[in-house]
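Visitor: So the chains spell out like this:
4 protein chains.
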Amino acid sequence: MIEIFTTGGTIDKVYFDALSEYQVGPTTLPDLLRENNVHVPHRVTQLMRKDSLELDDADREAIRAAVAASDATQVLVTHGTDTMAVTGRVLQSVAGKTIVMTGAMQPASVRASDAEFNVGFALAAVQTLPPGVYIAMNGMIFDPARTVKDRAGARFVAES
Amino acid sequence: MIEIFTTGGTIDKVYFDALSEYQVGPTTLPDLLRENNVHVPHRVTQLMRKDSLELDDADREAIRAAVAASDATQVLVTHGTDTMAVTGRVLQSVAGKTIVMTGAMQPASVRASDAEFNVGFALAAVQTLPPGVYIAMNGMIFDPARTVKDRAGARFVAES
Amino acid sequence: MIEIFTTGGTIDKVYFDALSEYQVGPTTLPDLLRENNVHVPHRVTQLMRKDSLELDDADREAIRAAVAASDATQVLVTHGTDTMAVTGRVLQSVAGKTIVMTGAMQPASVRASDAEFNVGFALAAVQTLPPGVYIAMNGMIFDPARTVKDRAGARFVAES
Amino acid sequence: MIEIFTTGGTIDKVYFDALSEYQVGPTTLPDLLRENNVHVPHRVTQLMRKDSLELDDADREAIRAAVAASDATQVLVTHGTDTMAVTGRVLQSVAGKTIVMTGAMQPASVRASDAEFNVGFALAAVQTLPPGVYIAMNGMIFDPARTVKDRAGARFVAES
Numbered sequence: 001m002i003e004i005f006t007t008g009g010t011i012d013k014v015y016f017d018a019l020s021e022y023q024v025g026p027t028t029l030p031d032l033l034r035e036n037n038v039h040v041p042h043r044v045t046q047l048m049r050k051d052s053l054e055l056d057d058a059d060r061e062a063i064r065a066a067v068a069a070s071d072a073t074q075v076l077v078t079h080g081t082d083t084m085a086v087t088g089r090v091l092q093s094v095a096g097k098t099i100v101m102t103g104a105m106q107p108a109s110v111r112a113s114d115a116e117f118n119v120g121f122a123l124a125a126v127q128t129l130p131p132g133v134y135i136a137m138n139g140m141i142f143d144p145a146r147t148v149k150d151r152a153g154a155r156f157v158a159e160s
Numbered sequence: 001m002i003e004i005f006t007t008g009g010t011i012d013k014v015y016f017d018a019l020s021e022y023q024v025g026p027t028t029l030p031d032l033l034r035e036n037n038v039h040v041p042h043r044v045t046q047l048m049r050k051d052s053l054e055l056d057d058a059d060r061e062a063i064r065a066a067v068a069a070s071d072a073t074q075v076l077v078t079h080g081t082d083t084m085a086v087t088g089r090v091l092q093s094v095a096g097k098t099i100v101m102t103g104a105m106q107p108a109s110v111r112a113s114d115a116e117f118n119v120g121f122a123l124a125a126v127q128t129l130p131p132g133v134y135i136a137m138n139g140m141i142f143d144p145a146r147t148v149k150d151r152a153g154a155r156f157v158a159e160s
Numbered sequence: 001m002i003e004i005f006t007t008g009g010t011i012d013k014v015y016f017d018a019l020s021e022y023q024v025g026p027t028t029l030p031d032l033l034r035e036n037n038v039h040v041p042h043r044v045t046q047l048m049r050k051d052s053l054e055l056d057d058a059d060r061e062a063i064r065a066a067v068a069a070s071d072a073t074q075v076l077v078t079h080g081t082d083t084m085a086v087t088g089r090v091l092q093s094v095a096g097k098t099i100v101m102t103g104a105m106q107p108a109s110v111r112a113s114d115a116e117f118n119v120g121f122a123l124a125a126v127q128t129l130p131p132g133v134y135i136a137m138n139g140m141i142f143d144p145a146r147t148v149k150d151r152a153g154a155r156f157v158a159e160s
Numbered sequence: 001m002i003e004i005f006t007t008g009g010t011i012d013k014v015y016f017d018a019l020s021e022y023q024v025g026p027t028t029l030p031d032l033l034r035e036n037n038v039h040v041p042h043r044v045t046q047l048m049r050k051d052s053l054e055l056d057d058a059d060r061e062a063i064r065a066a067v068a069a070s071d072a073t074q075v076l077v078t079h080g081t082d083t084m085a086v087t088g089r090v091l092q093s094v095a096g097k098t099i100v101m102t103g104a105m106q107p108a109s110v111r112a113s114d115a116e117f118n119v120g121f122a123l124a125a126v127q128t129l130p131p132g133v134y135i136a137m138n139g140m141i142f143d144p145a146r147t148v149k150d151r152a153g154a155r156f157v158a159e160s
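Chains as they are written, first to last, in UniProt numbering: chain P, 1 to 160; chain R, 1 to 160; chain E, 1 to 160; chain V, 1 to 160.
Where hints are given, some of them may not hold.
One copy or any two copies: either way a pair holds, since identical chains are not told apart in the list.
What the hints assert, rightly or not - Result set (SDA-like, lysine to any residue): computed pairs, CA atoms no more than 25 Å apart in a straight line:
{"no.": "1", "residue 1": "Lys97", "residue 2": "Arg111"}
{"no.": "2", "residue 1": "Lys97", "residue 2": "Ser20"}
{"no.": "3", "residue 1": "Lys97", "residue 2": "Leu129"}
{"no.": "4", "residue 1": "Lys50", "residue 2": "Val86"}
The set of hints was computed from the structure by calculation and includes no laboratory data.
Only chain P is shown next, with the shape it has when bound in the complex:
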């Protein structure tokens, strides 16, 4: 059983015409996994619906507590990209689990989204990597303690 927690972020943003703006909507993960014929046992729980720039210490503690309390040893966390590494460093206190974080640079609702690719990438990573916390973005595996998002380049890069 793979535990999947969603916290919001660009991946779940949808356009609300009545507001003339994009906001984080209900998580797209259940639809995304079903439409891609995913048959590995999993469970999706939406922990929060926030842009990751809005997450505070209490939110990160809530995410950490949910991951720690799960009886699963494989945990996938979808998260906004701007502070994904910050939350990843908080999750490093959870021992004995493979925790993989992913998100998207373009909402899943958008034609040119990287959401499906990234969730697929992360879903394999969480099944194959040893215990630890990982950021799975851009077709690469990063250590959250040594990763920064390059906003201009729309990608993650490893710090030496």
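Starting from the structure of chain P, add chains R, E and V where the hints point.
Guide: Okay, now just chains R, E and V, sitting in the frame of chain P:
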């Protein structure tokens, strides 16, 4: 020759990850028309890139002047939906042309967008209707003097 | 009330993995119209599910009879492109109705499909043109008696 | 450096209107990887453009030889699903490499395709699994020696 003026609005919104928000981008019309194999002679000019809630009297006068100055008798105007009818009423002072306005409730960049359908609908309307100003939305032709947008219903309705 | 008859064609083709091939599926028109927030009164009836190369004289007579029997004066017919003009010439015996035919070069199920644009275009044409039979493709209105499909160019052209 | 070989299959099928049928086209992999902002070093080579039901022993030997001759230890092979396991068993004679096979039940050109998800999934698997041959489909990792495609269910299942 069909003259197409774009003014911005939801139809041209794209998600900028570096800003964590949607903004009106370069107009999608040339790509949209090419991808749909449109072969009717036409010319696309981007007049402005604004959410229609930001259009002021000077903007509407600029749109009106561009339409009036065109040597085309068939003019298609893409526009944000919130104040489309307001601009439409300004355009009613232009005589002798068939002027059709359209837009979208969901950006063309989004999977579930109504942009392609609406532009197709408007492109037929502008070739077939007599001179006048029309709003072409929801598969219907509206008179801008007697139309309001129902924001909650994400549609236009005719006023009696 | 706009009467919409579907007969099959590329617009309704979907990929069947178990057969390793594309086939004409259930018509996409009701979904397509709903997803584009179409609010004009209409009714969709699937007359047949055939590639237009497979349509014979009996099929064309059945289409003609359905159009003639409809109590609507505005009739939209979706049809495969290869023999759309042939059927259009048969429909020219129906008097007093505006009959607009359209279809697609790429299935509605495909990302780069022209289906939404073409149906939007045809739906405006059927509401605005005088009685007669028309082919609405490539952003243009054609007379079926003087139109041929240019297969290599993936478009319709008018014959002089 | 990840070596990516494409052999055809449903993932690369596109609709050719002039032929009124789907055929395996030029591989979508380079576009797919670029559009998903993949930054892991990789190289894509199209070995063949065949439906996997048309692959014969000589084709499989050619695929095996290409994989064996690569200087990469991580090799991703895209392949039609119908005989993916057959080719996988041939590849099991190649030692010392992590070889991951994937494909799609719906062409990448189709809106509802599983191609992006599956390639993402396979790209993580090839970077994280020990040497061996694997089928990466349906969000799961399969052993080609003990896997069959369930055509009716549109999925792979493990044999006990």
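Visitor: If a hint holds in the structure, say so; if it doesn't, say that too.
Guide: Results of checking the hints against the structure:
1. For a Cα distance limit of 25 Å, the shortest separation of Lys97 from Arg111 qualifies neither inside one copy, at 34 Å, nor across copies, at 35 Å.
2. In the homo-oligomer, the alpha carbons of Lys97 and Ser20 never lie at most 25 Å apart, since the shortest distance is 41 Å inside one protomer and 31 Å across protomers.
3. Taking CA atoms no more than 25 Å apart as the test, Lys97 paired with Leu129 passes in both settings, with 10 Å inside one copy and 18 Å between copies.
4. For the identical chains of this complex, Lys50 and Val86 are intra-copy neighbours only, at 15 Å inside a copy versus 35 Å across copies, given an alpha-carbon limit of 25 Å.
Taken one by one, the earlier hints fail for this structure at numbers 1 and 2, listed in ascending order.
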